[in-house]
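So you can see what is in the structure, the chains are spelled out below.
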Amino acid sequence: MNITTLVFILLSVMAVGSAAMMIASKSPVHSVLWLIVVFFAISGHYILLNAQFLAIVNIIVYAGAIMVLFLFVVMLMNLNAETEPIKNYRLQLIGIISGGTLLLIILSAIMKIDVEQLVEMKTGNEGLIKSLGLNLFKNYVLPFEISSVLFLSAMIGAVVIGKKDEAVENKK
Amino acid sequence: MNAIILTAIWGVVMMFSGVFFKNKSIPKYLAIIGLLIAVIANTAEFSIAKPIVHINIHDMLRFEKYNLLFIDVAFLCTMVYFLLSGTEIEKVGPHAGEYFALIFFVLCGVSIVATFNTLLMFFIGIEIMSIPLYILTGSEKRNLKSNEAALKYFLMGAFSTGIMLMGIAFVYGGNPNGSFFIDKIQLGSGQMPVMIALGLLFMLVSLSFKVSAAPFHFWTPDVYDGAPTVFTSFMSTIVKAAGFFAFIRLFEHSFGTMHDQWQKLIVIITVSTLLIGNVTAVFQQSVKRMLAYSSIAQAGFMLLALFALNDKAKEGILLYTAAYSLATIGLFGILTKMEDFTIDGFNGLAKQQPLLAFVATVCLLSLTGVPLTAGFQSKFFMLMAAVDNGHQFWLVIVAVLFAAISAYYYFRVIQAMYFKESSQPSVTVIHSISSQFKIMLIVIAILISIIGIYPEIVIGWMYR
Amino acid sequence: MNNILQLVWLIPLLPLVGFVINGLGRKSLSKNLSGIIGSAVVLASFVLSMLVFMQVKSGTTASLHYFNFLELSKFKVAFDFKIDQLSSLFLLIITGVGFLIHVYSTAYMHYEDGKDFAKYFAYLNLFVFSMLLLVMGGNYLIMFIGWEGVGLCSYLLIGYWFRNTDYTDAAKKAFVMNRIGDLGFLLALFWLIAKVGTLQFDEVFSSASLAKLSIKDITGITLLMFVGATGKSAQIPLYTWLPDAMAGPTPVSALIHAATMVTAGIYMIARSNALFSLAPLTQTVITVIGLATALLAASIAIKQNDIKKVLAYSTVSQLGFMFLALGTGNYVAAIFHVMTHAFFKALMFLGSGSVIHAMGGEQDIRKMGGLHKHMKITSITFFIGCLAISGIPGFSGFFSKDEILSGVFSHNVVLYSLALFAALLTAFYMFRLYIVTFTGSFRGTHDQEHHLHESPKAMTIPLIILAVLSIVGGYVGVPEALGGHHELALYLTPVVKSAEHHLTHGTEYTLMVVSTFLVLISILFSWLKFRNYKIEADAKGFGKILQNKWYVDDIYQLLIVRPLQNVAGFLNKIVESKIIDGAVNGLGKLINYGSRQMRWLQSGQVGAYVLLMVIGMLILFFIQLFL
Amino acid sequence: MDIKAYIVLSLTLFTIGIIGVLVRRNAIVIFMCVELMLNAVNLLLVAFSKMHAISNTAKLSPTFASDAQIFVFFIMVVAAAEVSVGLAIIVMMYRNVHTVDVNFLNRLKN
Amino acid sequence: MGNYFTFPDLLIWLPLLAGFFCFFAKEEKSARLTAIVFSLLILGVSIATLFFTNDTKYLNYNNVNYIWLKYLGANYYIGLDSTGRMLTLLTATVFPLILIATSKTTIKNAASYFGLIMLTQAGLMGVFMALDALTFYFFWELALIPVYFLCSKWGGESRIQATFKFFVYTFAGSLLMLIGIIYVYLHTGTKGFEDGVIVNHSFSLVSFYNANLSATEQNWLFVLFFIAFAIKMPIFPFHTWQPDAYDQSPTSVTMILSGVMVKMGLFGLLRWLMPVFPSGVIHYKNIVIILSIIGVVYASCIAMMQDNIKKLIAYSSIAHIGLMCAAIFAMNQIAVQGALIQMFNHGINIVGMWIVVEIIERQTGVKKISQLSGLASTAPVLTIFLVIIAFANIALPLTNAFTGEFLMFSGLYNNNKWFAAIAGLGIILSAVYTLNMIQKVFFGSTNAVTAEVKDISLNEKIVLMIIVGIIFFIGVYPQPLIELTKDAVNNLLVRVK
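From first to last, the protein sequence lines stand for chains F, C, V, H and Z. In this text, residue positions in the first sequence follow this note's numbering: the first is 7, and each later residue adds one. In this text, residue positions in the second sequence follow this note's numbering: the first is 156, and each later residue adds one. In this text, residue positions in the third sequence follow this note's numbering: the first is 20, and each later residue adds one. In this text, residue positions in the fourth sequence follow this note's numbering: the first is 4, and each later residue adds one. In this text, residue positions in the fifth sequence follow this note's numbering: the first is 908, and each later residue adds one.
Hints in this document: simulated from the structure, not taken from any laboratory. Misleading hints may appear alongside valid ones.
Said to hold, decoys possible - DEER-style ranges, computed between Cβ atoms:
no.: 1; chain 1: V; residue 1: Gln-566; chain 2: Z; residue 2: Ile-1369; range: 32 to 42 Å
no.: 2; chain 1: V; residue 1: Leu-229; chain 2: Z; residue 2: Ser-1364; range: 30 to 40 Å
no.: 3; chain 1: Z; residue 1: Ser-1364; chain 2: V; residue 2: Phe-589; range: 15 to 25 Å
no.: 4; chain 1: V; residue 1: Tyr-85; chain 2: Z; residue 2: Asp-916; range: 32 to 42 Å
no.: 5; chain 1: Z; residue 1: Ser-1352; chain 2: V; residue 2: Asn-22; range: 49 to 59 Å
no.: 6; chain 1: C; residue 1: Glu-576; chain 2: Z; residue 2: Asn-1366; range: 25 to 35 Å
no.: 7; chain 1: Z; residue 1: Asn-1366; chain 2: V; residue 2: Phe-589; range: 25 to 35 Å
no.: 8; chain 1: Z; residue 1: Ser-1352; chain 2: V; residue 2: Gln-566; range: 45 to 55 Å
A virtual CB, placed ideally from N, CA and C, is assigned to each residue, including glycine.
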């Protein structure tokens, strides 16, 4: 067992464990924090795979921006306490079982593949910022531009949904 | 390309229109003008066969005649929708310009999913189509039903996005070419590789979700019911048809050569969709909800195109888009004018509003698939495609039997309008009915029958 | 004179014209006028028939083709008339007796409304038309047209007094029973078409056609034809309609249910003798059925008290005799008996009509008696009829019946003795009827007695004419044993080929003497028994069985009508509404039920939706990856 | 490292996300689970891209290996957009009913 | 004439035009008048077609062929041939009779009522003339939809359910047929147009006849088509929509349904089923005949138990249609010829029956046999007409139905003697229920319901007289009808054998 494998296993355990903790923890705040741990673990994987740019972006965008937004909302709503009143254990059990079965089915199908395909670890320059940047602004300029539509609509959405409507307020 | 650029730009224009024009109905006219421009530009593109501005898109989109024709059909249906229900859009909330902008963004997404050539564009297109819809669903902020619908739609939509991405990942992983281009997916011969199969399954599930095929349809009735009626009209027609178009395009180009290996999945989904859609619709009391279920049932029929995956199916999906959209837009347009959405609310409509009742009848007949209506032609082409496919013939028979059942719930409305008396003497239609609305209704009825009699008005373009 | 045969189409057409005039003008025509029209057209037909008869007698026969009724490339039915010895004879009987009865009816039906009166004559004319069509038809199809037509007229006339449900019941029964027979006849025709490809008499009876038929075919065809004959001619098992048919006006009973229509079966078999002679099995069946009918009906007649019922059963019995003759191959005798029977039975029916007329509608002989005093002509003519039917030498019935009996004797002695017994019964019940009705003292009410009177001329003259015919009618067929030439047999030879029977003259004399002697004894016995007739209590034991007509109607009710109704009721209540319609409605209900159940899947909770989605995914993944 | 290891890891995370969606009722947590699912996909995509980097056929494509990583980039972009809309919807609901329990609003059913 | 307009054109467009006019009529009277005048005009055209039967001379007069869906190979192709000519004549005859006979009945919303009736006529005409499968299917449904509205709007109390059952039943059947049409279409040969476009398949009748179908394919396609036609006819066990629909529809619509529409099914058999699937016909022949004959006896039995006069006639109609279906499948010249002329005769007779029933129901408001009695006393003329028509209905000689039934039975007998014998039970049973009905309704003494009944009016008398005239004319001289349809029989048998 070399060091790469060891790090891989370590990061994997960390990711899976914190993911499990995330769905298991009762307080949403804890969930958010656990999820951030997962993101860190995944970023670790990215580094292991020599995708440094993604590793950084993952931390900045996901852990930094998005999760903070989440945390912000949770805090705003004061949901840090126990919020799910009655738990339907049977439904949860069924959920876990069916999710697990799905995993089993897929994994058993995957395990049937007998060709061993290796993953290039720690080397290769594809994930470096230069190659990504060239690729993105040369070949992927179209999706890049079009994503703006996505953000525009998200923006409008935030306005339409988030803004308080005086007219409507007055009417009611 | 023209369509994508113009709709994106016009979306921004619409966004500002709300700020710069105080008159509430300006956005509507602006939207109609914009759409008109988009339609003309798109038509020009596919008749002259080159876009106005040339951008190197690295083959990420393909502007073939068929795809552009679909965009045209979708845009024209939207035009009808604007003309019929534009006034209702203004009434939903104070952000009329924004609503139109969102619809234009959706149309941009529609154009993308009609022409995508890589999985990336496909994914982005689907998201551009979906995210504005989440917003539109929740646009009645004070209406708890609207809230609920938006929440459900959003959560489940995001969930299905995750599933779709997993599918894309597996397809990518299973493709030895390591490419996202849908025509460069190497399937090999013989048994489908496991990774490709997994990718296909995940994508199938998420796309089934988007087109509300059973058993992934559960969001549909609730969301269609909860969303503002005027937006339900849009999302259950054009957007859904676009979803189908993407579905078929994706599966034909990436997995088409292994069609026989996954056809059985489509059969299962088709049958359960037909069953659940038609049977559940039977007992609905609310016309709006009934139409939601009926949209599931119609999706079952459209899935036949995926089952067949041949030329007839492609023609059929075009016809279906036009026929189903027109009829549903017409019905929802009438529904917006009704006070009571239950079937009993339609009692005796024929006496008070003969025109409304007549057009509603035409639309319902079209949905049932009675000859001389567009609905018949679309079903006819679907059946023809499925029969031509040559496999699983029984599926076709099941499909028509369910079509016969569908007559049951569609005709309940007709019966209510024509053969039953209204329980209260007062008018069942409260909202004012403008003459423009009436004219548009007549236009819809005429369009439905013209397509019903001469479907080549739509599909003939493919041969010209 | 050949051109008279060209006018043959007038014979049926005239009554049809009468029917149309009377039918359409029944509101405007006066009673006299419609009576006259009705009678005159038949008279005209009779005159024409006479002329035709003369023509035929001189040896000219004709097949007259008018138009093609049905013409397909492989199969053709022409609208043809065939005028030969057999049909011309029947033409005479029908138009002759028919005319008399028309005349009689003008008086008998006098109490009817003008409208109904005209309607009656219209029906009667229509009947004559149909009957003429039946006998003149040049092929089986035309015959069948007449065949069903007379059934229709019989239906209409039995139900003439339509306000009375019993009468309309009887009419219905007559029609349905006839239809059962008709089905047999039709099937025979289909069989013929299938094998021979034609229905034209000349072609069917040609040797080429007959050669195409196997013995099985011929037996089958003839048996089915006989089924038709049992319906129309009231033989076992389809005879029960005829006594009920007495519900109609009495002249109708005389014309249709005694003289003409009921003999259609005999005519048909005689017409098809070429076929029947080739089917020994059928002949045996006909013999047995004929004899059984003769005995059964005669036995029932003994105990009947309704004057018309007695006559009706007597008719059935006599028809049995005719079939007996047909079965033994003695076609001429059968036709001979048809003719004589037409005379004396019409006579007796008209006589009974006269009695009923006098009694103001009363038909029960227990309430009559001593009528001879009041209505001499009726009484005497009726008596002549009784003598004729009993077969007293010198009267017409003697010759025809004797010919039948001797034919049977040459066939089988046992059958002969049974037939003779039936003849004795005939004499017995006929004289019972006569004695109870006309002799003794009157047993009815005073009112009735006061009204008793002889009938008007229009009624008595036909009676007299028929009485004369009943006497002299037999002399056309005097057998060689009595020094005659049997004119009738000679006349019919070209058409009807009877089986030869070889009896010495000595045997024939013996038979005549024996039967005459026994008949006289039977009459005497009858006179002794009924000369002081008193109204008796209901019969017991065997008498009761006879009085109730061997319970045949009840048996039919029990074995056929009731089960049929039960089956139909079962089909209606269970199969139709529960099973077939139930399946259709059940499908609708099932969908409704499914709809109601399936709604619960739509629980409204995101978690449940996702769960169902995941389960759906599970299934799809499993199918695709592992199956 | 064998690609299967990454597939197993990624699918496990993905399934945990699914199970989270199934068992939790807090809309925010459910949404977070969806984010987890997306991250699992991201990880898998990167792993696949590094897998293809070894294979020769994939190298024929000019953009071969960074395709997947750019895709991941776009997924993040979309996720960000979704988050803004999604949180807006959740906040809107919270404003109306003062809870983020997805089962609380249950008017649309059957 | 052939260059400007043709008979098929006239027969389709006149009723359509009439329907259009009627919809915009202001009052009941003008709508009714329009309908009557146009229907008489159509009758005139239809009679005129009888004089232009020579196809070599008048081909242009009798055929209309326009390119419709070029890339599918579907044409708007209608034409008159022998069977079509007979059935269009029947349609054209029946409609004015119905309209005139019911002109005393007051109708709400008369404009749409008559408009829909005329639309139905257009649909029926189209069905009987279509020579292209898609055209045929269109007209097939076009005839159904107006009838649905007519029955649901103007029918009896439980009309909505009854009519809906009828609609769904026939709709499901016709959809099955649609699949069949598609399947056959996909197995037809190529077709070229003048401008050089060649399409792979074609919907024309001729290509259907020459479709390349294996025996197994034919067998199950036969089932698909047959179910559609069997429902329309209807034959046992697909008949349960019919008694309810007849009972609940307004009588004039019932007349259209039973007089003409059920002939669509039989016509479908003759034109679209048997010649297209000859080996399927051979395969299923006996099953169909047995089914039909069961239907004959079964329906007759149920008719005996009916107390509702309309249902009685409905069941009797099922029995008659069953016989025709059996005869068609007996597949010999005699039987098919018989069935063809019987199609016409049955249409005339049953319309006569319904007219009588309509008069009774309008005057008494009662359709229960047990509540009626003694109508012969109060309405003798009506009784006479009814008796004539009823006896024609049970095929008494010299009425029109006799010739048809005689030929049918005879042909059926050629096929199998037991078929004829068992179906023959229908003859007896039909007499039983018909006479029962006559006896109970018309004979006996009058009661409270029937005492005030008036005899029929002039227009009814005229209509009934025309019907009776046709009954006797064809009964005595059926040859013209046979001549008219002879070719059809031969063509059919040549194709099937």
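Inset, instruction - Please test the hint of 15 to 25 Å on the beta carbon pair from Ser-1364 of chain Z and Phe-589 of chain V. - result: Once the Cβ atoms are compared, 43 Å apart, the range 15 to 25 Å for Phe-589 of chain V and Ser-1364 of chain Z is violated.
Inset, instruction - May I ask you to test the hint 30 to 40 Å on the CB atoms belonging to Leu-229 of chain V and Ser-1364 of chain Z? - result: violated, 58 Å
Inset, instruction - Could you check the hint for me, namely that Asn-1366 of chain Z and Phe-589 of chain V are 25 to 35 Å apart, CB to CB? - result: With Cβ atoms ~44 Å apart, the hint is violated.
Legend entry - Satisfaction of the hinted span 45 to 55 Å by the C-beta atoms belonging to Ser-1352 of chain Z and Gln-566 of chain V: violated, 31 Å
Inset, instruction - Mind checking the hinted window 25 to 35 Å against the Cβ distance between Glu-576 of chain C and Asn-1366 of chain Z? - result: holds, 33 Å
Legend entry - Distance restraint hint 32 to 42 Å, applied to the beta-carbon atoms of Tyr-85 of chain V and Asp-916 of chain Z: holds, 41 Å
Inset, instruction - Indicate whether the distance between the beta carbons of Ser-1352 of chain Z and Asn-22 of chain V respects the range 49 to 59 Å. - result: Check passed, 53 Å falls within 49 to 59 Å.
Legend entry - Outcome for the supplied range 32 to 42 Å, where the beta carbon pair is Gln-566 of chain V and Ile-1369 of chain Z: violated, 54 Å
The structure is inconsistent with the numbered hints 1, 2, 3, 7 and 8, although it conforms to all the rest.
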